[in-house]
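J.: From these two lone chains plus the hints, build me the complex, please.
In order, the protein sequence lines correspond to chains A and B.
The C-terminal position of the first sequence is numbered 289 in my numbering, with every residue numbered one higher than the one before it.
The C-terminal position of the second sequence is numbered 749 in my numbering, with every residue numbered one higher than the one before it.
It should be emphasised that the hints constitute simulated quantities derived from the structure, not laboratory data.
The structure displayed is predicted, hence computed values, not measured ones.
Where hints are given, some of them may not hold.
Distance condition first, Cα-Cα at most 30 Å in a straight line; then the derived BS3-like pairs of lysine-lysine [said to hold, decoys possible]:
| id | chain 1 | residue 1 | chain 2 | residue 2 |
| --- | --- | --- | --- | --- |
| 1 | A | K276 | B | K435 |
| 2 | A | K287 | A | K132 |
| 3 | A | K82 | A | K260 |
| 4 | B | K494 | B | K21 |
| 5 | A | K245 | B | K435 |
| 6 | B | K59 | B | K273 |
| 7 | A | K23 | B | K120 |
| 8 | B | K7 | B | K531 |
| 9 | B | K435 | A | K284 |
| 10 | A | K287 | B | K435 |
| 11 | B | K531 | B | K494 |
| 12 | B | K173 | B | K306 |
| 13 | B | K11 | B | K696 |
| 14 | B | K59 | A | K260 |
| 15 | B | K127 | A | K260 |
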Amino acid sequence: MSDIQYLAPTTLDEAVSAYSGAKGSARILAGGTDLLVQMRAGMINPSLIVDIKKIEEINTVRETEKGVFVVGASVSGMELAKNPNFGKTWPGVLEALNLIGSTQIQGRASLGGNLCNGSPAGDSVPALVAAKATLTVQGPNGRREIPVKEVPVGPGKTSLADNEIAVSFSFPSRPPGSGDAYLRMIPRTEMDIAVVGCGVNLTLEGDICTSACVGLGAVAPIVLEVEGAAELLIGSQLDEDTIEKTAEACRACCDPIDDKRGTISYRTKVSGVLLKRAVAIAAKRAKGV
Amino acid sequence: MNDANNKWIGKRTIRPDGADKVTGQATFGADTTMPGMIWGKVLRSPHAHANIRSIDTSKAESLPGVKAVITSADVTNYSPEKSVILGIQDMRWMTRNVMAREKALFHGHPVAAVAATSQKIADQACKLIEVDYEVLPWVVEIDDAIKSDAPILHEFIEFEGKPSNIAGTLEHKKGDVQTGFEEADVIVERSFTTRPVHQGYIEPHACLVSVSADGRATIWSSSQGQFMVRAMTSMLTDIPQSSIRAIPAEIGGGFGGKTIVYLEPLATILSKKSGRPVKMVMSREEVMRASGPTSGSKSTVKMGIKKDGSIVAAQGTYYLQAGALPGSPIRGAVGCAFAPYDIPNVHALGYDVVSNRSKVAAYRAPGAPIGAFAVECVIDEISEAIGMDPLEVRLKNAAKEGTQAAHGPVYPRIGYYETVEAALSHPHREIPLGKFQGRGVASGFWFNAGGESSSQVNITEDGNVVVTTGHPDIGGSRASIANITAELLGIDYKRVSVLIGDTATIGYSNLTGGSRVLFASGMAVTDSTEKVIVSLKERAAKIWDIDPEAVDWEDGYARPAGANAGMFDPLSLEELAERATETGGPIGAGSQLNTAGAEGGFATHMCDVEVDIDLGIVRIIRYTSFQDVGRAVHPSYVEGQLQGGAAQGIGWALNEEYIYDSEGRVDNPGFLDYRMPVCSDLPMLDTVMIEVPNPKHPQGVRGVGEVPLVPPLAAIRNAIYDALGIRFYGLPMSPPVVLEALEQGEAAE
Ligand SMILES: Cc1cc2nc3c(=O)[nH]c(=O)nc-3n(C[C@H](O)[C@H](O)[C@H](O)COP(=O)(O)OP(=O)(O)OC[C@H]3O[C@@H](n4cnc5c(N)ncnc54)[C@H](O)[C@@H]3O)c2cc1C
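Extracted from the complex, chain B is given alone in its bound form (with noise of 0.2 Å):
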């Protein structure tokens, strides 16, 4: 499957949703309609902080028009005391995130819903809803929340036999630091922070939700699982999942944030008690104000070097703010810190913090950017420090199959070096660069995932083929799965229609997230498309009469092979499918694997900024990624994922952040003034593909989707060192950064 005689597997075929997307036809999550509906709406905090004495919704309710009001007396409730695990959330947190139940944790929080036959009585009665609150004091930066004295969350969480702001831990170690460092001849130890970002996909979240009088719930939503949806709806209503069918709308981006649901229970509980279809859908505002963005945090990592450029020792303390419910991505920082590095001693921590911001939710390879800043930005300086180049340091380090990770597995072949390599002789690095510019790499590192995925193949009646997977297409995985069904089937691909099932139509799905849909549903439709090879060629051994096993298939033809070649016409698969019924029926074939074997993904990036000194101004002329790509399917969606990793990064690190108020509220709740890039802030952004394909994968396919957004930041800050001199600790390095920082260098010399 690997070679270059493949006819469609690393071809750049046509997007099968391509032309609905760009005629306006595509249906995304606000634009399902039903008759008779009406609309939801949820009342949010006004404060940071407080704890909620009671709830009067007696006046809302007997507005004309509203048709039902919701509190999180309506909401199944789960005690804090005992985690109730589904994926990668904790159920006890998610009835309390969708609804404030003992507290108002942030400003924003949602602490009741109504469904109104319109949206402007909707908003009327959420005004005649009275909350007695008792206003509390409310933290929001982490340096606050881990003070002895700060305002505490939650009297349920403890550490260190305390009530606290610190809501776990994890620790990774490999061989002794201490020594480790004793051996080193340079020793750096840095501390940085960083600054919470919105996923800030261009769809806000949206829902319509129809409970019938008997029970049986139907959802259309824009998210990142339909599974997920069913479940955790099911979870927070008590509706079993045999009664829900979730169907998954097209999804205008998610990178994580739609993981998890905000609207769906609330729409299902407020259908379920108005007897009416809910549609729900967030402002910007809300999406900016209470979905998740991911944590901010502050570490300190301490890196030892010998002279000859092998890295001994590295140590690594990470914060992470997990927004006002438990669950910051520490594994993520703390996993992927040093793993693309064959290092024998490290030691890495991560402490979960909450305060009174918006929960955290998952954000592209979460964690892993904030683990990677801090070490990519230290190696920068110790490279320095022993006078060698920083690439050749990492070539020098770099794990290879066989290292054992800190974070546990011992690798098997992967492809970290060969990015590194590729980024030391690509023409990139002898662009002459002026006054004021600067170059800057770093590498990165993600987990990537496998799991469960569900596909069917059939073969439809005329002899063309219709596949159905579980997992919303964010990336264009319903073109790369085309690919793979018409190279195994040898047909051409425009014979082959994917489909995304609901939850009522294919079998249990995982999420789309992990950068794992394309690795793991790959596998599940090469089984399928297998199973209906093998059923083909049975069809065909019955006709001729001859033994399955003396059937080749070959370019879409079953022939007659081995000491009975060429006694018969080969048939076609329209052949074979016109004559289903005489030789056993239908043809199709499913699978449901719990999938393994996705192995990490690794990136080297380079980047290229010019500095205006007199502004503060940091532009991006240059970008390079190089990345592990283990098999392109469809070139042209990996590129894509590789720029818009790149491209998210470079607003990470230049311009985005919350900005809250005196009051705990945010500030620039739009992006007008969370400022995302726009086009023209980006060069062309370069892409490099390395295939390094994955063994375990049956078309050598590895997740490409999370590791683009793990080296920029650091790229662009050793970039911005090279070209001022200035290193940088913070982000964002936005211009009045830039400028003071500029300013205060001048004054020092």
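Isolated chain A, as found in the complex (with noise of 0.2 Å):
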């Protein structure tokens, strides 16, 4: 390792000059879980490290007007935890956060770094896709937002530029009745990497949906939006026949690989048993029982 420079700067404006005028070998530190074990392997060797976590905007969560969430990228879970609201809102996300890695790690992983690390298997992505959060980033001409589900472009890749910074994630409020969840196949019960993540976010009105959407991850080289399912979601009465389609929708999305977390029938057969459960889940959050 050569030397690296560290900085801690507490404003976005700083934060950004600085990681622009790197030129792409800077590092955004937010919890470091993936950053810091990336560089002990030799993986990456970033010439100047970017701690974001001084910088308030990027640091906290607001609820800027009732059910209308606003969390900052390098929020812990179990800072996210903390929020009373939260949590009784977006349930599923925070327990996506909350199922990485172990406590130490919990106190440390962040929206903002699941989601730039670009792994199709980070257990929040799915979540925050079928949430139709969207992505503040913001670089040296400014802001913009982005649907979370168009900042995965590839293993490792988004679509943020190499000078910008993400720097939070807005929920959109819902009406009552609404609810999700994110379940994950994993051989053991925690410390591993999903092998099928899938998120599902519902409102029902009545016994009708009204709408949905679900992602799912680690079956494709990103993160994806099943469109179909939700398709098939939205006016049904989530009877046994619709969930069936859905998941086969969620099953023919699938385009993972065979590797040594899991084999290509392997996950697609969890997808649809995923999506089954997950829906279950959230249903019985939207109804509040």
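T.: Here it is in structure tokens:
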């Protein structure tokens, strides 16, 4: 390892100018639970590390109006869990973030880091996609907002320019009767990487599903939004037949690889199973039971 | 010694090394540093199999900061033609394992090593070493390795007159299986496979070695035996044992995997060459690629049973992977497979198979879990076939005192029967099971070992006690030794301090392995302590001017006995220590024994599983181990052994496996993808300790550390059958495998 410069600016402008000034050889440090591991493994060798945790906007959770949340990109899972309302509104997003690693990891790991790391198996990403969250990013040319589902573009790659910093996630407000859920399959009970991950977000009016979104992880080079699944669910009563068809839609969009973590056929099958289970949990939460 | 009135034996005393370990003060293998120390690093083969045509180290040597570079030319050679046995190892394979000689035999095999002033320079230097390889076809799996046209690893190994990857066989016979099978009402024959699994110790191999200008070497390292480290290093460096001092560090797990050396001889040679202390620490990846797992296997077991439940014949054939060099634990597989049972006709045969993967090392009851897996699965099937409870079948056929085992011995008093009885009457067996839940049982045996141990017991001038033994303490042996010493002397446990000597401060002591430490060092310490008590009585007799025979030692006091009873005030250990000079000088005694009579250990396990049938995940929901522990000198550490073995067995059965890529490289060399169980995967692992004291040991001790890994594989597999009606014949029973089987089962219906 050569010498590494470390900066911990307190304003976003300072961070952006330092980061963009380094022209791609700098890295943003949020919780560091991916970054430091990758540096130690010799996978990356940054010359500058910009720690963003001292920047207030990036490191706080705000409920801007009732039911509308803006979560800083570097807020750790444990911090987010402390917010009295977020977990009630978005239990699926919170559970996705807080099944990452172990207690120690959860004290550091952030939504921004999980998304920007670009892993197709990142646990919070399918839940963020299902939640239709948007990411605010800032670069030398100002701010822009991107739907989370458009951030991943390939394994380890995002649509952020190499001078842009993820600032915060905005979660849309939803009508009453909404609920979300995230489930993943791992062979163990923790400390593992998702073989398949599935996030489901639903709104019910009476028994009718009026809005739905499904995110699938680890079954393709990027986390997917399964649009066909949403189409099937919306307007239905979440009856068995619909759910079966929705599971099939999930299986159909899988394009996984065979690797040490799972086979193509296993991943494909499991995506349908998780869909069914996640829909059941999200529906229960939507009904408030 | 075996009665319930014991004050210390059987008590859950605080372990002497506990405070240091929980506060981070304990010194493990990588914790020692020295002024002037430099860093050693191993260059490893990028190929699974290759001839080494030449190695050019000149560029590495000229890199500033590099102090020494070594290859196999610097390591003592032993010709492959003639075996040079050291303990359970053969030095002609050891020399080739620590450093590739003619050939690189697996991906990760050391081919050279460097020592440099920083780790970074050592890394760079490794990259500058030019190795000219002739890449050869490679073979990893048993079936491929024993094919007639398989790539041959060692031309000098022959089987049936031809070069072969079968490096050896072992056979046990009793009675005549042919006739036996004719008597059977039901015969079941099944074939099984198991995958190699790593011991998974948390602490990677590490050492620091300093060779002084006059050629004396001091080695600080974490191992299962400082004397093994000394002997192997001596044989691989030609430094006499008297000039090597091996100092044992605290050890962060070994499970058999640290009964051989990897780094110590290399660091010694590097230190000798550079004149500097050299530290070497393996990464987890190096541990997973190049240190021994236990064997993978394939086996076929056939058993015949009569309708009344008596097993009349049993036959087993086992192929075990040795890794790149001969020496798989076929003895454990073949010898232990049928050992819990009194079967009149037994034939067990094992083959040692080499292939291009890291050389296996011992792993708790080496080979025995593989042997038992097949047998205990078949017993489940023959029990079902005759409609008898599998525990009842085990009870009916249980080996007892007087049973002639197929592997040789006639058993003395053993406690196998009692483990089955305990399982039969345990409340675990009565707990109702739900949907997709199942219960399985299996038994197991391990030889246990005695052998050489030394100890020294010294009374300090203030009347306290220091005990020194020669075994690294992996399972809490210091606490148990303190319990025994305190009991014998009749003093408070806190007054006994137990240390582990290095090779210069205590006499030869064999490995911490074979479940032998408390058995053997308990004997040596008992012998030393008894000698000390004799001396204490003599001193009291001298002070009182009576016959030493007329002195009793009781509760830490010398008391006049017999005709003199009550004539003098008792003398305490403190008082006698204070008067040591006038009564004959320092008080202390040592013993050096070759212990015998370890006697086998037996266990029966009961396991409940629940299967998530949509995902294929098997969860262990309840687990109870029943084991004949001889005498639980320190119950907590005996329970710990039982629980640890069950936990490791669960990992082996359900998820652990090496995954190889298309180039013959391990693709999962870390704990993320080599899936050992984590805490939350396990229920509380219950234990039932059955104490059938070993008649050949002063405290009744039997080895307890290895048997616990023998039954779990089959217990889990049999439980899955109970839950799903599906019998598995291979490990691991991981989610994709289970889901696949469920779907095939459905399709078949
Ligand atoms: C033991 C262990 C277990 C783990 N288990 C899981 C698991 O179960 N599931 C899972 O999904 N992951 C797991 N991970 C991976 C990791 O913890 C998560 O991906 C985590 O969310 C990363 O967040 P972080 O804040 O630590 O990111 P960091 O490591 O700080 O950053 C990750 C990457 O994103 C970039 N980045 C971070 N923030 C920003 C930003 N605001 N703008 C632009 N770029 C940014 C960084 O430069 C880096 O490249 C595990 C890691 C460890 C060490």
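J.: Give a verdict on every hint.
T.: Quick rundown of the hints versus the structure:
no.	hint	result
1	A/K276 to B/K435	holds (20 Å)
2	A/K287 to A/K132	holds (20 Å)
3	A/K82 to A/K260	violated (36 Å)
4	B/K494 to B/K21	holds (18 Å)
5	A/K245 to B/K435	holds (27 Å)
6	B/K59 to B/K273	holds (17 Å)
7	A/K23 to B/K120	holds (26 Å)
8	B/K7 to B/K531	holds (21 Å)
9	B/K435 to A/K284	holds (24 Å)
10	A/K287 to B/K435	holds (28 Å)
11	B/K531 to B/K494	holds (21 Å)
12	B/K173 to B/K306	holds (21 Å)
13	B/K11 to B/K696	holds (22 Å)
14	B/K59 to A/K260	violated (38 Å)
15	B/K127 to A/K260	holds (28 Å)
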